[in-house]
Amino acid sequence: MFARQAKRTAPVRYGFITRETPEASLPPAVALLRGATGGRGITGGDVRLRLMLSLLWAVHDDPTMTYPHRAWATLLGLEDPAVAGARRIRNALGWLDHHGLIQLESSPGRDAVVHLMNDAGTGERYELPGAAYARLRSKPAQAAPHRYIQLPGQLWTNGWIAALDYGPAIVMLLVLWLESGKTIKDGPWVWLSPAMAESRYGLSEDTRLKGARKLTELGLIKTSTRHVPSDAFEFRRGRNSYQIQLDTIQTRQPGETEIEAFFRTPTTGTPRSHAVPKPGSRNDA
Numbered sequence: 000m001f002a003r004q005a006k007r008t009a010p011v012r013y014g015f016i017t018r019e020t021p022e023a024s025l026p027p028a029v030a031l032l033r034g035a036t037g038g039r040g041i042t043g044g045d046v047r048l049r050l051m052l053s054l055l056w057a058v059h060d061d062p063t064m065t066y067p068h069r070a071w072a073t074l075l076g077l078e079d080p081a082v083a084g085a086r087r088i089r090n091a092l093g094w095l096d097h098h099g100l101i102q103l104e105s106s107p108g109r110d111a112v113v114h115l116m117n118d119a120g121t122g123e124r125y126e127l128p129g130a131a132y133a134r135l136r137s138k139p140a141q142a143a144p145h146r147y148i149q150l151p152g153q154l155w156t157n158g159w160i161a162a163l164d165y166g167p168a169i170v171m172l173l174v175l176w177l178e179s180g181k182t183i184k185d186g187p188w189v190w191l192s193p194a195m196a197e198s199r200y201g202l203s204e205d206t207r208l209k210g211a212r213k214l215t216e217l218g219l220i221k222t223s224t225r226h227v228p229s230d231a232f233e234f235r236r237g238r239n240s241y242q243i244q245l246d247t248i249q250t251r252q253p254g255e256t257e258i259e260a261f262f263r264t265p266t267t268g269t270p271r272s273h274a275v276p277k278p279g280s281r282n283d284a
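Note that the sequence shown covers residues 0 to 284 in numbering that gives the first Met the number 0.
No lab work stands behind these hints, which were simulated from the structure alone. For each residue, glycine too, the CB sits at the ideal point set by N, CA and C. Careful, some of the hints might be misleading.
Computed cross-link-like contacts, DSS-like style, restricted to lysine-lysine with a CA-CA straight-line distance of at most 30 angstroms [as the list claims (entries may be wrong)]:
#	residue 1	residue 2
1	Lys209	Lys184
2	Lys6	Lys181
3	Lys6	Lys184
4	Lys221	Lys209
5	Lys221	Lys138
6	Lys181	Lys221
7	Lys209	Lys181
8	Lys181	Lys138
9	Lys221	Lys6
10	Lys221	Lys184
Label-pair restraints from in silico Cβ distances [unchecked claim]:
#	residue 1	residue 2	range
11	Lys6	Ser105	49 to 57 angstroms
12	Thr63	Glu204	33 to 41 angstroms
13	Arg89	Lys138	20 to 28 angstroms
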């Protein structure tokens, strides 16, 4: 059902993933992971994240959608989709509604009607970011909040969205996608310093490392110890760098990938880090 009706890609605004300053509130992706209070608990975070991304994949020009809870539960690979899975979807929709990412219309015995709101958490009615950016192109300051990445539809059609049942892995994948920029097809190596991961994305070291480990186990990224640029006060040193496996996402399904070792033989070359945002869509996947 979703594969026939959803878009080729899922556009995700930068503002869903990153924040402008270290003092700003957590970006929605990390808030979804941590829960209402911003604590470290992640109960339900993976369902909230995967559901929100699925809404962004399914939505078209009209930001109003109506699908049975069991359909969302089936898409996400939740156990007992008709009952327990549907209940988890209902809870996740309630959370998204309470925190302004959707407006929910529900009534007994009927499927909930979802009105999607801006995924950057601005409280505005949702508009496809590509359309919004094109409409405001002559006003760069107003267009900038609509810059976005594109996640390939194969995350859903090949079953990866169901395999990504661990919240830190989903957030880490989004961060690496944004940092990879438009060169993602060429497989850039990305390095995230702990300070930048925290200030720009609100990522703790624990979330970053656990998320990367899960993605590596699934075969969705490769991890390598590589030399990174140093400043005048420290020697060059090896850091974990990451490379998204776009071909795996687009052509394989979970269980068909070869599991890579988490730590690989050190290699030469400089990984990409601290990417500078560019206008419009960041990825061409």
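A quick look at each hint next to the structure:
Annotation: proposed proximity of Lys209 to Lys184 holds, straight-line Cα distance about 25 angstroms (limit 30 angstroms). Between Lys6 and Lys181 the alpha-carbon distance is near 19 angstroms, which keeps this suggested pair within the 30 angstroms criterion. A C-alpha spacing of about 20 angstroms is found between Lys6 and Lys184, which places the hinted pair at or below 30 angstroms, so the restraint holds. A threshold of 30 angstroms between alpha carbons decides the hint, and for Lys221 with Lys209 the separation of about 14 angstroms falls inside it, so the pair holds.
In summary, the hint linking Lys221 to Lys138 is not supported, as the alpha carbons are separated by about 39 angstroms, beyond the 30 angstroms threshold. Restraint check for Lys181 and Lys221: the C-alpha separation of about 18 angstroms stays at or below 30 angstroms, so the hint holds. The straight-line distance between the Cα atoms of Lys209 and Lys181 is roughly 26 angstroms, inside the 30 angstroms bound, and the hint therefore holds. For a cut-off of 30 angstroms, the pair hint linking Lys181 to Lys138 stands: about 22 angstroms separates their Cα positions.
This hinted pair checks out: Lys221 and Lys6 have alpha carbons roughly 27 angstroms apart, not beyond 30 angstroms. In summary, the hint linking Lys221 to Lys184 is supported, as the alpha carbons are separated by about 14 angstroms, within the 30 angstroms threshold. A hinted range of 49 to 57 angstroms for the beta carbons of Lys6 and Ser105 is inconsistent with their spacing of about 25 angstroms. Between Thr63 and Glu204, the C-beta spacing of about 40 angstroms keeps the proposed range 33 to 41 angstroms intact.
Taking the beta carbon of each, Arg89 and Lys138 are about 40 angstroms apart, not inside 20 to 28 angstroms as hinted.
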